[in-house]
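Colleague: Listed below are the residues making up each chain.
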Amino acid sequence: MAVETTQDGPATPRGRDFDAEPVVIEARGVTKSFRLPVNKISSLKEQITTFSRPDYRELHALRDVSFEIRRGEFFGIVGRNGSGKSTLLKVLASIYAADSGRVRMAGRLAPFIELGVGFNPELTARENVELNGVMMGLERRQARSRLGAVLEFAELEEFVDMKLKNYSSGMLVRLAFSVMIQSDAEILLIDEVLAVGDAAFQQKCADVFHEMRDSERTVILVTHDMGAVEHYCHRAMLLHDGEVRAMGDPGEVARKYLRLNFESAPSSGDDSLGEVADVVVEDAWLEDENGERVTNVEKGRDLHFCAELEAKRDVEGPTFGFTFANPDGVEVIGFGVPLEELPDRVSAGQRIQIRSKIENRLAPGRYVVRCWIHRNRNISDIVLYSPHVLDFVVFGKGEAGVAFFETEVEFELKEGEAGER
Amino acid sequence: MSAEAQAPAQPLELREVRGPSATGGGSRRFFELLWLISATEFKKSFHGTAFGYIWSLVRPLMLFAVLLVVFTRIFRFDVPNYPVLLLFNLVVFGLFQEGTGAAVNSVLAQEGIVRKTQFPRLVIPLSSVMVALFTLGLNLIAVFVFILAYGVDPTWTWLLLPVILLLVFVLTCAVSLLLSALNVRFRDIAIIWTVAATVLMYGTPIIYPIDFLEPSFLKDVLLGNPLTLIFEQARAWIIDPTAPGAVSVAGGWLNMLPAAAIYVLTCILGVWVFKREAPKIAERL
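Chains as they are written, first to last, in the numbering used here: chain A, 230 to 650; chain B, 814 to 1098.
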């Protein structure tokens, strides 16, 4: 199986150079398989009465997985369910022992396989934070001294002496996340815990991940959320059937993951998992009013977005969609080619040109255009997801992140009843 | 990869990750976790009950009261200081019975921790034994009040009580390790053990002194039980200075060897089995 490295050496797509950083995690040929008995024996009688060795099915969860991660990297591990990513995480976290191969690590590692595991519902937040800290390898005194910071982040100061069983699920999740980010381990291992809490808390979590991305801390993130991978990770790795299928630029890895995901979809026809997608984006650009290509747009000026695509294979009932994501990776606007414009099919070799004019309400900042193509008019049947077909800057005065719309506002100043006294 | 070509600055010292083990993660963390978990479990066991700790004493006292009536009014045992002997034996045997009884299911009950965190596995069964030890410590205070009130004179041999407790404690730990590790593989160990523990209680001179038995095959079997000798020695040291003690009960030092061998073998077996099973526990759950 060819392992593709999409860039030379450890990728540095976010402008940080990790080549000079020391390696903190090194995995060499890690292999792990589980023997699943066809009939599980869990009672003594069965063991005694089954004279022949029971039949086992060998499940290869990890095959010869090697990689290294350098200090400060935010490293994503993606893969479908059953691809071995959780097993890999558990091997890294010393929960499973690898059958062969070796893992070496520099520094302390704090695994977060599941938020709030090890919390004892009968204990108060105070006791749980201490227990959790000790579990993560802190001394009791250190664990206690962290309590304030943990509760402050979780916004749960007033509930410090409440038993966890009386916490709402939202409060629990906040406490768990807070314990996680306040852990002072050099290496964090995080499995699918991003979407927690209400919107405000999620924003807080996003900020923390941003900070971690730029800090000395090494983070390994296992997730299904390709947005998170592209957004936070410096580098990513795709696991499939226990093997490393791709490693490198998060965008590329995310694209491969999405393709792999729809590989087995029945409607995707013959082998659509070539190196080339069925449809590729040949070019994408912005124009000004005169049709000249531009890379920046002034705030308030209309966006003229154009793309040229080429079909490499026949695609029935294609749909085309584009979204614009802000610097936080949040898709803020988007459009699709209207249904009446869409052809019933595009044939191999045909070129498609899309020109659009979009009213520009975008706040100044950098935006990334993503492209989605589906077949059979079915949005779950992805032909192409390209997370980065173009990026551009909206310049001009204005607060970053805030878009202004024309609004009618009435404003009136009235004397209060207790006005003159 | 071309990264190899560039010299990375200051490679950090990489340490081998050896996977899960019985004690993994350093001894300080091990003992802190053991203490924290035992203490919170102990507190938890009384929480929500109106009389809290009282209950842990009431249970052996109830059993004590019933047995006392049966054996002094119905069977009319004639043993010096029998009531306090019975009470003392029940409370000390409680360490073994409750410790192993809780430990056998402990690893299964803590599945979440075992499967989702880096956790020294040994802490789990040991904390069950520690909880039983805390209970015993509190109960012994009450027991000695009874012993003094009954009119037993304190002797210097009372100072040897820790030896007795240590012997019982170590055996309890060993059996707990064995049972908790095996119970992950064979879930019926827990059920078998509830029966076996009861058999063991009657197979140990708890409610009767061993000298009631004529020399027989049965007596030889009982003398092979390490707990028999421990409890007989405790009787001589604590309750009744005129009692024969372990050596003369066994009939000489040499005859103590089978029980001693079983004791040592159980300890070795418990540690060995747990150590062997520990790395695989998470996968088997």
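Worth flagging that the hints you see were computed from the coordinates, not collected in a lab. Don't take every hint at face value.
Quick list of in silico lysine-lysine cross-link-like pairs, PhoX-like style, CA-CA up to 20 Å [what the hints assert, rightly or not]:
{"hint": "1", "chain 1": "B", "residue 1": "LYS857", "chain 2": "A", "residue 2": "LYS394"}
{"hint": "2", "chain 1": "A", "residue 1": "LYS392", "chain 2": "B", "residue 2": "LYS856"}
{"hint": "3", "chain 1": "B", "residue 1": "LYS856", "chain 2": "A", "residue 2": "LYS394"}
{"hint": "4", "chain 1": "A", "residue 1": "LYS586", "chain 2": "A", "residue 2": "LYS528"}
{"hint": "5", "chain 1": "B", "residue 1": "LYS1088", "chain 2": "A", "residue 2": "LYS392"}
{"hint": "6", "chain 1": "A", "residue 1": "LYS392", "chain 2": "A", "residue 2": "LYS528"}
Have a look at the derived ranges for each label pair, beta carbon to beta carbon [claimed, not checked]:
{"hint": "7", "chain 1": "A", "residue 1": "SER262", "chain 2": "B", "residue 2": "LEU974", "range": "29 to 35 Å"}
{"hint": "8", "chain 1": "A", "residue 1": "GLU381", "chain 2": "B", "residue 2": "PHE959", "range": "50 to 56 Å"}
{"hint": "9", "chain 1": "A", "residue 1": "GLU368", "chain 2": "B", "residue 2": "ALA1073", "range": "36 to 42 Å"}
Non-contacting residues of chain B with respect to chain A, defined by C-beta distances greater than 12 Å in every case (computed) [unchecked claim]:
{"hint": "10", "residue": "GLU826"}
{"hint": "11", "residue": "PRO833"}
{"hint": "12", "residue": "SER834"}
{"hint": "13", "residue": "LEU849"}
{"hint": "14", "residue": "LEU881"}
{"hint": "15", "residue": "ASN918"}
{"hint": "16", "residue": "ILE926"}
{"hint": "17", "residue": "PHE947"}
{"hint": "18", "residue": "PRO975"}
{"hint": "19", "residue": "MET1069"}
{"hint": "20", "residue": "ALA1074"}
{"hint": "21", "residue": "ALA1091"}
Just so it is clear, CB atoms sit at the ideal spot from N, CA and C, and this is done for glycine as well.
Colleague: Decide, hint by hint, whether the structure agrees.
Modeller: Consistency of the hints with the structure:
1. LYS857(B) <-> LYS394(A): holds, 13 Å
2. LYS392(A) <-> LYS856(B): holds, 13 Å
3. LYS856(B) <-> LYS394(A): holds, 16 Å
4. LYS586(A) <-> LYS528(A): holds, 15 Å
5. LYS1088(B) <-> LYS392(A): violated, 35 Å
6. LYS392(A) <-> LYS528(A): This hinted pair is violated, its Cα atoms lying about 52 Å apart.
7. SER262(A) <-> LEU974(B): 29 to 35 Å: violated, 52 Å
8. GLU381(A) <-> PHE959(B): 50 to 56 Å: About 52 Å separates the Cβ atoms of GLU381(A) and PHE959(B), which means 50 to 56 Å holds.
9. GLU368(A) <-> ALA1073(B): 36 to 42 Å: holds, 40 Å
10. GLU826: violated, 6 Å
11. PRO833: violated, 5 Å
12. SER834: violated, 8 Å
13. LEU849: violated, 6 Å
14. LEU881: Holds, since 36 Å exceeds 12 Å.
15. ASN918: About 14 Å separates ASN918(B) from the closest Cβ of chain A, which puts it past 12 Å; holds.
16. ILE926: Since the minimum Cβ distance to chain A is about 5 Å, ILE926(B) lies within 12 Å and the statement is violated.
17. PHE947: holds, 17 Å
18. PRO975: holds, 27 Å
19. MET1069: About 32 Å separates MET1069(B) from the closest Cβ of chain A, which puts it past 12 Å; holds.
20. ALA1074: holds, 26 Å
21. ALA1091: Contrary to the label, ALA1091(B) does not stay out of reach of chain A, its closest Cβ about 10 Å off (not over 12 Å).
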